[in-house]
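Input sequences plus hints: build the corresponding full structure.
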Amino acid sequence: MTIKLIGFPYSGPTMRVIITLRELGLPYEFETPANFEVLKTEDFLANKNPFGKIPVLFDGDFRIIESRSICRYLASKYQGKNNNTILIPNDVHKAGLVDQFVSFEIFYYDPPAFKFVSQEVFAEKFWNKNPDPEIIKQGREELIKVLDIYEKLLEGKEYLNGEFSLADIYHSPYTHYVYGVAKHSELWDSRPNVKNWWNRLRNREAVKKTLEEIP
Amino acid sequence: MAIKLIGFAQSPTTRRVVLVLNELGIPYELESVTEIQTIKTEEFITKKHPFGKVPVLCDGDHVVNESRAICRYLVSKYQKDSKTVLYPDDVHKASLVEQYISYELSYYDPPLSKVLYQEIYAKRRGEPTDEAVVKQSLEELSKTLDIYEKILKGKEYLNGEYSLADLFHIPCAHIIYSATSHKDIFDSRPHVKQWIERLQNRDAYKKTYAE
Chain A
1 MTIKLIGFPY
11 SGPTMRVIIT
21 LRELGLPYEF
31 ETPANFEVLK
41 TEDFLANKNP
51 FGKIPVLFDG
61 DFRIIESRSI
71 CRYLASKYQG
81 KNNNTILIPN
91 DVHKAGLVDQ
101 FVSFEIFYYD
111 PPAFKFVSQE
121 VFAEKFWNKN
131 PDPEIIKQGR
141 EELIKVLDIY
151 EKLLEGKEYL
161 NGEFSLADIY
171 HSPYTHYVYG
181 VAKHSELWDS
191 RPNVKNWWNR
201 LRNREAVKKT
211 LEEIP
Chain B
1 MAIKLIGFAQ
11 SPTTRRVVLV
21 LNELGIPYEL
31 ESVTEIQTIK
41 TEEFITKKHP
51 FGKVPVLCDG
61 DHVVNESRAI
71 CRYLVSKYQK
81 DSKTVLYPDD
91 VHKASLVEQY
101 ISYELSYYDP
111 PLSKVLYQEI
121 YAKRRGEPTD
131 EAVVKQSLEE
141 LSKTLDIYEK
151 ILKGKEYLNG
161 EYSLADLFHI
171 PCAHIIYSAT
181 SHKDIFDSRP
191 HVKQWIERLQ
201 NRDAYKKTYA
211 E
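Protein chains in written order, with full-length UniProt numbering: chain A, 1 to 215; chain B, 1 to 211.
What the hints contain is simulated information worked out from the structure, not anything from laboratory work.
Just so it is clear, the structure is predicted and the values come from calculations on it, not from any experiment.
Errors might be hidden in some of the hints.
Once the Cα atoms are required to be at most 27 Å apart in a straight line, the calculated DSSO-like pairs of lysine-lysine come out as [unchecked claim]: (1) B:LYS114 - A:LYS40; (2) B:LYS114 - A:LYS129; (3) A:LYS195 - A:LYS145.
Shown next, in the form of structure tokens:
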């Protein structure tokens, strides 16, 4: 029975799930809603996501929402089955640290990165608004502090917790948007450990393919 | 060697961890932070939390930070020694618990934190309360709780059985009830109200908030 993913290829959270599916070597069907309005219809709210958001994943009859929950579910159920890629370590101490890095992503990395993404990528394209320079400035100051900390965390390591994990996947979509689309690559490239980490990440098959598919 | 928890005793993030320690009956020492400077030192940043925050848990030599990561770690390691199940073994049930944990992060905590910041922390810092932020945040939280009202219909807890997802919601809800005038946002919704009451009646809740 197939996995079906509903989402938009340019949405950060959807990309998290697509990268995970690819890393685990899982086949899936991808359905893109016709427009944003579809997400607020009675049918979508009742049968897909009561919060009117994407991504939504169906695994047979089983439905799950919220990108990081979806990714975690896929890893728990399928990791090691189609290939050797392990996204959540079996060792409880290592897994604890992966969760810690996921928490850093959610609370410290994502918010300032999203300030850039919302203003420089989405504002004009989707919301018909001008970018707000004040928000961009704040985002930059915050992100610089975070990347300075990541520079130390990544010392002597290829990935955040040493080995590749879910935590690294989660950072990818918005990093790509700020680095490659909004073109602030110097923020990463001026920090050697961070630069190597991002290069390593974006050259992984699964990540590269997903980023290339952004329309 | 006992588990050591470093944090601000009254903060919701520290209490999130204390709730899990109490639910699972794990003994621990609380090292209370009294001055914010202690968590901004070179040593703390290098050895405990690179972002200079608490709570931080030390389990022998193993150090974990970030409250939800700490909670998950404690459950993974110690749940098998306890009668209380906070995280199901079944992969499908576990993923739904994760889903509800994500609702807490994405739709519940952000507006709720803004209300708490304006009504409690801003005042402590001598900043004026921004009523517009409070109003907008309460509206956002209302929309979320309308959805929770439907989710909780016919259920005692978010995923049927009590789990980590319910527990994560407790600390900020507790502050709304005990220190603000906004508890009607929960109490005006019957299923949500019963859910909160059930949470408040758990032994671990009573133990955590008696301290």
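So, going through the hints one by one against the coordinates:
no. : hint                : verdict
1   : B:LYS114 - A:LYS40  : holds, 26 Å
2   : B:LYS114 - A:LYS129 : holds, 25 Å
3   : A:LYS195 - A:LYS145 : holds, 15 Å
In summary, this structure violates none of the numbered hints.
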